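Q: Okay, here's what each chain looks like letter by letter:
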Amino acid sequence: MQAAQLEHDAPTRLKMDFTEMERDFCRRKVSLSRLSDWLVMSAACDTLPGWWGSHLWRPAASATRISNAERMFDDLKTRWLEEVGGQSSLTKIVGSRHYLRIISMGESALPFILRELEEENPAPWFAALRAITGRDDIGRSTPGQFRQMADEWIEWGKSEGWI
Amino acid sequence: MRLTQHKEAEIPGLSHGNYRVSSPATGRYNCIAFAADDTMRWWWPDAEGDGYWPIGVAREETIEAFVQAFATLGYAPCADQTHTAGFDKVAIYADGKVPTHAAKQLADGRWISKLGDWEDIEHDTLESLEGRPFYGKVALVMQRQAPDKKNRTPI
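If you read the protein sequences in the order shown, they are chains D and C.
Position 37 (the first sequence) corresponds to 37 in the working numbering; numbering is contiguous.
Position 103 (the second sequence) corresponds to 1103 in the working numbering; numbering is contiguous.
So here's chain D without its partners, still in its complex pose (with noise of 0.2 Å):
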């Protein structure tokens, strides 16, 4: 089978299975444990049908997302640093690939940047900031004083009920 028929039909046998699952944990055929992790699985990859994937498992999916997104940013971050530690060319330093990788992840990381803007000295997080929200006009009234534009940037966290 093509690789793109297997990826059309994955909800359609995953349901079928979630059908077989569900059945078998009601007539006790499988353990509960199995059935955790069964979905578990399902709700990392966001296939669970019906309530199950509406209800019950959101809130361990969405705790999953949030756990991968940080170890994913807290590694770029690493990388990022790593890489243009030294360096006093804003340009190189917010085109580091790592940086790039952060923005990529849009919305999830930026509970994470808002985060690291609580630092006394913040590193240039702004040029991400303005891709991941598309606002431009935040921080713009003290260019290359970071402390301060961090901070107009915090209260937009807050405003925006990200923080």
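These aren't lab readings, by the way, just hints derived from the structure by calculation.
All values reported here derive from a predicted model rather than from experimental measurement.
It is possible that some hints are incorrect.
[Said to hold, decoys possible] Computed, partial: chain D to chain C, Cβ under 7 Å:
no. : residue
1   : Q87
2   : G106
3   : S141
4   : Q145
[To be verified] Here are a few chain D residues that sit away from chain C, every Cβ distance over 10 Å (derived from the structure):
no. : residue
5   : S88
6   : F112
7   : E118
[What the hints assert, rightly or not] What follows is a set of in silico ranges between Cβ atoms, one per label pair, in the way DEER data are often shown:
no. : chain 1 : residue 1 : chain 2 : residue 2 : range
8   : D       : W162      : C       : R1020     : 38 to 44 Å
9   : C       : E1048     : D       : E160      : 37 to 43 Å
10  : D       : E160      : C       : A1146     : 19 to 25 Å
Even glycine gets a Cβ: it sits at the ideal position worked out from N, Cα and C.
Let chain D serve as the given structure and place chain C on it in line with the hints.
A: Okay, now just chain C, sitting in the frame of chain D:
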């Protein structure tokens, strides 16, 4: 006091005995700001507009733009890096034609630099910070008559 091994390795010209750390690491200001006696801002003519850059100077990463930036502080290009009593000197480094770093001269003829968001260091020569891919080479030296420090207005 020395930089960490990792940082020293990035700048091969630095070795034990030809530099010393003079203040702790901070991301508040960078080398250009430090050479301009400004320890409150990060100077850079980035297209995004996040760095501070003097009003009226082209916001571009060229040696000419950096010369103009220091000219706003009274500096003009000069012939050499030797210490001259009564004059402040700054050196601009570039990798090819793209500026990378600046250092300023101390009263005893040595130099002092802020290394990006790392520490400030005093170094015996300008050459000790040269090398690719970090700061490249010294592109030019500028000087100005040393202002009267008592009547100096902070930037």
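Q: Just pull the numbers of the violated hints for me, sorted ascending.
A: Hints 2, 3, 5, 9, 10 are the ones this structure does not satisfy, whereas the remaining hints hold.
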